[in-house]
Amino acid sequence: GDSVTQMEGPVTLSEEAFLTINCTYTATGYPSLFWYVQYPGEGLQLLLKATKADDKGSNKGFEATYRKETTSFHLEKGSVQVSDSAVYFCALSGGTSYDKVIFGPGTSLSVIP
Amino acid sequence: DGGITQSPKYLFRKEGQNVTLSCEQNLNHDAMYWYRQDPGQGLRLIYYSQIVNDFQKGDIAEGYSVSREKKESFPLTVTSAQKNPTAFYLCASTRRQNYNEQFFGPGTRLTVL
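The listed protein sequences derive, respectively, from chains F and Z.
Mapping the first sequence onto the working numbering, position 41 (from 1) lands on 41, and the numbers just tick up by one.
Mapping the second sequence onto the working numbering, position 50 (from 1) lands on 163, and the numbers just tick up by one.
These are computed hints drawn from the structure, not numbers from a lab.
Be aware that one or more of the hints could be misleading.
Stated by the list, open to error - Straight-line alpha carbon distances no greater than 25 angstroms define the calculated SDA-like cross-link-like pairs of lysine to any residue that follow:
#: 1; chain 1: Z; residue 1: Lys170; chain 2: F; residue 2: Thr28
#: 2; chain 1: F; residue 1: Lys49; chain 2: Z; residue 2: Asn141
#: 3; chain 1: Z; residue 1: Lys184; chain 2: Z; residue 2: Ser162
Work the whole structure out from these sequences, hints included.
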């Protein structure tokens with residue numbers, strides 16, 4: 001079945017450092033890919049998405065490119081801030097699990113001043 | 114403003130009692146979902162519903178029940194049969210025609226004493 005794998009955390013970075021969180025997926029067909037963010041004690045919010053190969057999703061300085069050849073959707077940000085501290089979830093929909101979203105396990109990010 | 118509301122934010126119950134968590138959406142979404150999240154863990158799907166009066170079990174449905182009598186509402190009951198009910202519960206919704214972006218509520222933290 002469909003699945004999403006993310007790099008394990010927690011990840012700790014200094015402010016203004018470069019961020020990469022790796023995400024790879026397994027799915028049939030042409031799924032849509034997402035990054036969600038969860039701040040402490042809150043629900044998930046969509047951060048960015050890409051619906052077809054080579055699409056780049058971007059929002060709030062975060063970017064991710066849908067790479068079908070490597071089945072990846074890595075999240076990047078050039079300069080992180082303390083306010084980016086959160087848990088980040090990679091997810092897909094539209095594979096065999098057409099009526100559900102498949103989430104990765106989440107990666108916790110802490111940014112220190 | 115359109116969105117998903119979950120109430121209450123915090124809920125305390127004694128062991129052996131059933132408890133119902135509320136989830137309401139005014140986004141006119143067809144599909145609704147319930148997830149469970151444990152500390153440091155990802156999301157696990159409990160139940161989901163694509164249309165009124167129909168719902169399907171997710172990965173961890175045992176000890177839970179749901180109803181979908183109205184499009185806007187998808188309450189979750191945590192029964193006394195659930196062995197370890199203390200967790201953070203998240204409700205989400207999406208348009209049925211486009212199983213893409215899921216919108217999440219703020220969550221309910223249930224503590225069983």
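Unsatisfied constraints (hint numbers, rising): none
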